[in-house]
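**Student:** Sequence:
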Amino acid sequence: MATSLALHGLIFAYLLGTPPETGGRDEDTVMFMEIVSLAQAAPLPEPEPEPEPEPEPEPLKPAVEPLPLPEPPKPIVEPLPTPEPEPEPKPDPVPDPKPKPEQVPPKPRPVPIAQAPAPADSVTVLDVQQAEQARLAARDAELKRYAELVWKHILHHKPATARKPGAVKMRFSIAANGALLGTEVAVSSGVPVLDRMAAEVLRRSQPFPPPPSALNPAVFNLLFEFR
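Counting from 1, one number per residue, gives the positions in the sequence shown under full-length UniProt numbering.
Keep in mind that the hints are not guaranteed to be accurate.
[To be verified] Straight-line C-alpha distance at most 30 Å; calculated DSBU-like pairs for lysine-lysine: (1) Lys144 <-> Lys169; (2) Lys152 <-> Lys169; (3) Lys158 <-> Lys144; (4) Lys164 <-> Lys152; (5) Lys90 <-> Lys107.
[Claimed, not checked] Restraint-style ranges between C-beta atoms, simulated for each label pair: (6) His156 <-> Val185: 16 to 26 Å; (7) Pro105 <-> Val128: 41 to 51 Å; (8) Lys164 <-> Arg139: 36 to 46 Å; (9) Ala179 <-> Arg139: 17 to 27 Å; (10) Gln130 <-> Pro108: 45 to 55 Å; (11) Ser188 <-> Leu136: 48 to 58 Å; (12) Ile113 <-> Arg139: 40 to 50 Å.
Just so you know, the hints here were simulated from the structure itself, not pulled from any lab data.
Virtual Cβ for every residue (Gly too), placed ideally from N, Cα, C.
Model the full assembly from the supplied sequences, consistent with the hints where possible.
**Tutor:** In structure tokens, the structure reads:
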């Protein structure tokens, strides 16, 4: 049965302890004690003979010694009185300096602050938001126009028939000069023949229309449905 190919384009924007415990036990402390043998005790010495008693000496007669004469008394010398030093004259008292009157600094005169004139072309936050929204809207419109060109370009290279039905989603990117940068199967059909046919359609369609500078490179998802 003849089958026809329907192409549906799905477009999206291109976005740029611890260490292990060691086993084992502590080393045992080994103590060595040396026992020294005692020498045999020596025999006790024999007692010495008692000495013979000596004859008692005759009592000595006491010698009469002359009494010492008393020493003459030493004369008492009284020290002379030390003269008292004369008192030093007291210096004249110095009068305390009079405190200086505090000087009050003069009050600074207020300087008038010149207000800068507001620029005539001042940009507000609302203006920035509106400009950004306008830029995004223009980019989306440009992307839509370019996607329609790519879609029409691929329609001229679609296959006439397919042996089996199925759907495969392809993702591809287009360079600034319109060349095909690369293709990949985003969602396989489960039939290798249909996946290869979809990739072949994209290869035959190049060169594509060059994309705008804002969309360089341009990336698209394209769903092929083989019926």
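**Student:** Look at each hint and say if it fits the structure.
**Tutor:** Verification of the supplied hints:
1. Lys144 <-> Lys169: holds (19 Å)
2. Lys152 <-> Lys169: With a Cα-Cα distance of about 18 Å, the restraint between Lys152 and Lys169 holds, given a limit of 30 Å.
3. Lys158 <-> Lys144: Satisfied, since the Cα-Cα distance of roughly 21 Å is no more than 30 Å.
4. Lys164 <-> Lys152: Roughly 24 Å separates the two Cα atoms, so the pair holds.
5. Lys90 <-> Lys107: violated (50 Å)
6. His156 <-> Val185: 16 to 26 Å: Holds, since His156 and Val185 (Cβ atoms, about 23 Å apart) stay within the stated range.
7. Pro105 <-> Val128: 41 to 51 Å: holds (49 Å)
8. Lys164 <-> Arg139: 36 to 46 Å: holds (40 Å)
9. Ala179 <-> Arg139: 17 to 27 Å: holds (23 Å)
10. Gln130 <-> Pro108: 45 to 55 Å: Distance hint for Gln130, Pro108 holds at roughly 47 Å.
11. Ser188 <-> Leu136: 48 to 58 Å: violated (34 Å)
12. Ile113 <-> Arg139: 40 to 50 Å: holds (45 Å)
In this structure, the hints that do not hold are numbers 5, 11, in rising order.
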